[in-house]
Each structure stands twice: as C-alpha cells, then as structure tokens.
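Line by line, the protein sequences are chains A and B.
Each residue of the first sequence is one higher than the one before, starting from 1 at the first, in this note's numbering.
Each residue of the second sequence is one higher than the one before, starting from 1 at the first, in this note's numbering.
One or more of the hints may lead you astray.
[Claimed, not checked] Capping the alpha-carbon separation at 20 Å, the derived lysine to any residue pairs in SDA-like fashion look like this: (1) A/Lys57 with B/Asp110; (2) A/Lys43 with B/Ala154; (3) A/Lys152 with B/Lys43; (4) A/Lys109 with B/Ala154; (5) A/Lys152 with B/Glu73; (6) A/Lys43 with B/Asp110; (7) A/Lys152 with B/Ala154; (8) A/Lys57 with B/Leu61; (9) B/Lys109 with A/Lys109; (10) A/Lys109 with B/Lys43; (11) A/Lys57 with A/Glu124; (12) B/Lys57 with A/Ala184; (13) A/Lys152 with B/Lys57.
[To be verified] Pair by pair, the computed Cβ-Cβ distance ranges are: (14) A/Asn78 with B/Lys236: 26 to 34 Å; (15) B/Ile69 with A/Gly194: 35 to 43 Å; (16) A/Lys43 with B/Pro169: 51 to 59 Å; (17) A/Asp171 with B/Leu96: 34 to 42 Å; (18) A/Met235 with B/Asp211: 29 to 37 Å; (19) A/Phe74 with B/Val177: 21 to 29 Å.
[Said to hold, decoys possible] Just a few of them, taken from the derived set where beta-carbon distance is under 7 Å, the chain B residues facing chain A: (20) Phe46; (21) Leu49; (22) Leu50; (23) Gln53; (24) Leu61; (25) Ile90.
Hints were generated in silico from the structure; no laboratory data involved.
Ideal placement from N, C-alpha and C gives every residue a C-beta, glycine not left out.
There are 2 protein chains.
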Amino acid sequence: MKDIVKGFPKDIRSLIRKAKWTMPTAGLAMGYAQANLVILPEKNAFDFLLFCQRNPKPCPLLEVLEPGIYRTEFLSSNADLRTDLPRYNIYRKGRLEATVKEIKNLWEKDFVSFLLGCSFSFEEAMLRAKIPVRHIEENKNVPMFITNIPCKPAGGFHGPMVVTMRPIPPDKVSRAVQITSRYASVHGAPVHFGDPVKIGIKNLRKPDFGDPVTIKKDEVPVFWACGVTPQAVVMKVKPDLCITHSPGHMFISDLLNEELAAL
Amino acid sequence: MKDIVKGFPKDIRSLIRKAKWTMPTAGLAMGYAQANLVILPEKNAFDFLLFCQRNPKPCPLLEVLEPGIYRTEFLSSNADLRTDLPRYNIYRKGRLEATVKEIKNLWEKDFVSFLLGCSFSFEEAMLRAKIPVRHIEENKNVPMFITNIPCKPAGGFHGPMVVTMRPIPPDKVSRAVQITSRYASVHGAPVHFGDPVKIGIKNLRKPDFGDPVTIKKDEVPVFWACGVTPQAVVMKVKPDLCITHSPGHMFISDLLNEELAAL
C-alpha cells in the first residue's frame, strides 16, 4: 500500500473508485492539489455560489459543475465525483446522517457540485521554505476552530468562519504570510495572529475538529480560513440535503499545486 | 464641472443620479475603484455566475447581489444601481436596443446585478510606477479587440475573450506584469504579448471598440483581458434581456483601488 503514496492522481482515484483506499488522502500524490467537495440540489446552488463568491477565503472555488454533471473538466479529465473520494458525508436538514464510500445511488439530475481549494497545497510550499507545519511533524490532523468571525451571508446561507491554526516562530511569520498569499485559491493569507480569544476561540488545546498540537514557547498561533466552513454552515442552515467529502478524505486532482499559485 | 473630478465617490454618484453628469467616468474620484455592470434576469443568473467563476480574467467579480436588490453592500453603502451610472445599455435578444440614463422604470424583482472589476484600477498603479499608459497620454479610450481566445462556456454562455492593448517598452514589461498581477480582481496579469495575429487580431490600428493608439518603435503590444467580454458574449448568446453600463460609463465605488490589490 506504500506505493499508492507515490502514484499519479488518476491511478489513486482508480484505487479509491474500487474502494481499495478508504483512508484520509493527506500525503497522497504529493505536488498535486486536493479539493473539498460540496454537493447541493439546484434550488440551493445560486445562493451557495454567491456565498462562495462573498467568502473567498473559507470557500475558494476551484471548479463548479453544471446541474447533474459529476465529471470534472478543469481539475481532472477522467474523474467521477460520485465514486472518486474515499468517504462522503450525507447531511439531511443539517444533521450528519451517514458517512459512505460512494454516492452513485444517491445521485440526482439536479445535483450541483462545488470543489473548493484545500490547505494541503500551501502546506507543501511552507515545508519547502522550512516553515514548520506542526500537525504534520506530529502526524496529526490540523486543529480546526469555529470562530466568532461571521461569514458574509448570501441567500439562505450564513454562519461563522472555521479556521485552522498553525504555530509559527515569530521570525517566520512574514514568510508564512508571503507564501500563503500566493495561494488565494487555497485560503490565501492568514485571517488572524496571536490571541485566540479575539476571534472567539476559548482554548487552543480543544479544537472543534481535528487534533490539538504543541505550541512551543514564543511561537505565534496563526489562523487561516478553513474549507470545513461550508459544513459548519450547512449544519446551521439545514438545507434538505447536502453531500460533502468526509473531512480529510479529499478529491485528488490532476492540477499541480504550483498551478494554483497566483499568476 | 472641474470640481467633480476631485469629489468623493458618494458626491459624484449623487450628481450622476440627478443626471448632472452623463459623460464617461475615467479620471473621476481618482484612487477609487470603478466597476463594470451586468444585469440579467434570475433565470440566467446561475449560468452567468458560473461563467464568471470559470473566466475570472475577463469577468472578475467584485460583488453580486441577490435577485431584486439594487443597493450594493460591499462596494458602497448608499448607491442605487438603477440611477448611479451615467449611461446604461439595454440589450434585447443580443441587440443593443437603447442607451439610457437610468433604468428605474425597467427594473424587475428578479433582476440580478453583477459588478466586475475595471482596469482603471491597475492603470493608476502603472502610472505611479512610471509605466506609460498610452491611451491616457493621448487622451483616448483604450483600444479593445475581440480575440480568438475562447472563454470557458457555462450553461448557455460562451464566446470569445475581449482584450485591451497597451504598448509597453521592453524594459518595463516585467514591472507591468508584476504590478497588474497584484490586481487579480481587475483582470490581473496580461494574457498575451507581442504578435496580435496569434490571438486572432488582424490590425492593431483598427480596434473593435475604443480608439487606436500610437505604438512606438520597439514597444511590445501587451494584452489584458477586458470587462467588455460579457457584452460581446451577450451579443452572441442573445438572452431575452441584459442591461449593462455603457462602455466607459462605470459605477464609481467607495472601495480604494489599493483595497483591491492582492492581500
């Protein structure tokens, strides 16, 4: 199974399609962009597209498909969004009903698929620049927190921004800002530095999603907008149906991270 | 009338609202961002929003309003999109039917307004960096050309990209790319350099819109995506109704150009 890590995106997607890989996708197909998935019925699609347009930091759109289309064009040429992610979350009226390995039987002609950028892309660039990425060092999931920063509402969609936190040594904070600024389509520059209470986070040791990580003396907690925001919004807004990736179980695209860097 | 040039956006919009200014808006409220306007009925709104998402260089979205809403929130707090532009183009089935000074009588509850970035913003940054902007030097409208570069289609919308051309001395081309790259929300970096024939332009002396400008010996013609693209698309796709600004007669926002620069 080690070999899959070095595989090309299309080969890994093929294994996932056959349910031969059902685990998180972090570390797979290094160099290639991974994406968050949100699927909504057409009646909610304009409002959610508007929500993403108004909240590009938590919801950076990489690709949106026409109603009923499950094959991507921009992110890959041979993928099937109904089968090519390891795990999907099914939300009905805002409640997580099930986590499943494929959604072929659930697919409807009016489903609109949204693919959003994922911070895996900029973490690779940070590591190349020798900026520590603590949760990778500690082999954990990135800590995520629900903040008191409101997203801009759109139609029926509204809710708080979810952020990820990475502790950064003070002399590397500028470089971390510069590097992530190049990746506007994967959440871009940080949204907050330092005191977590200012954005409504009570305890950095108790993330709302993911795992706590070590913060060393003098390190600055730095916060980036997070692609889990749409799932928090869906739990709050309670549309009849919404299908997403299961956190960490992303869509692996054919696009190089470097292709996502600002032009 | 000279005073208007130095006025604040809200004062200028107020004069425009009273039809006391009906001319092009270039040079007004320097430092503040101006925007292209596209209004479509709700039935076309999702497809056009998707078209903009897929074609961010010609169609960089600054703000999109919910159906029926004519007051902007992000770009200004007291504007009325039905009256605050000096001139509007009314297209019916792709044909320019009329150019009018306000659209209050035409407004319908299902109209969706799209405001797109305008290259006036990056031209100001180019001038500050002593990069020549020829059409400003020659007091002309920027030359615009319909290319053979296809936009990515979305729903019913498709058509060729329209570009603007600015002749740049070779030793300033890199700087022009760097500066305009900072302004992704106003068309960003150029899409083509040099030979116009490569992108389907036969004669730089005969622009499809705007005026021809002098190209000095050794200068490189540099091409940027242009906000007139949606009007070219509407002429081709022929939706029942589409209302736009009249070229050059833009919406003047309260947002500083500097606020549009990449974060």
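Those earlier numbered hints the structure runs against, lowest number first: 1, 3, 7, 9, 13, 17, 18, 25
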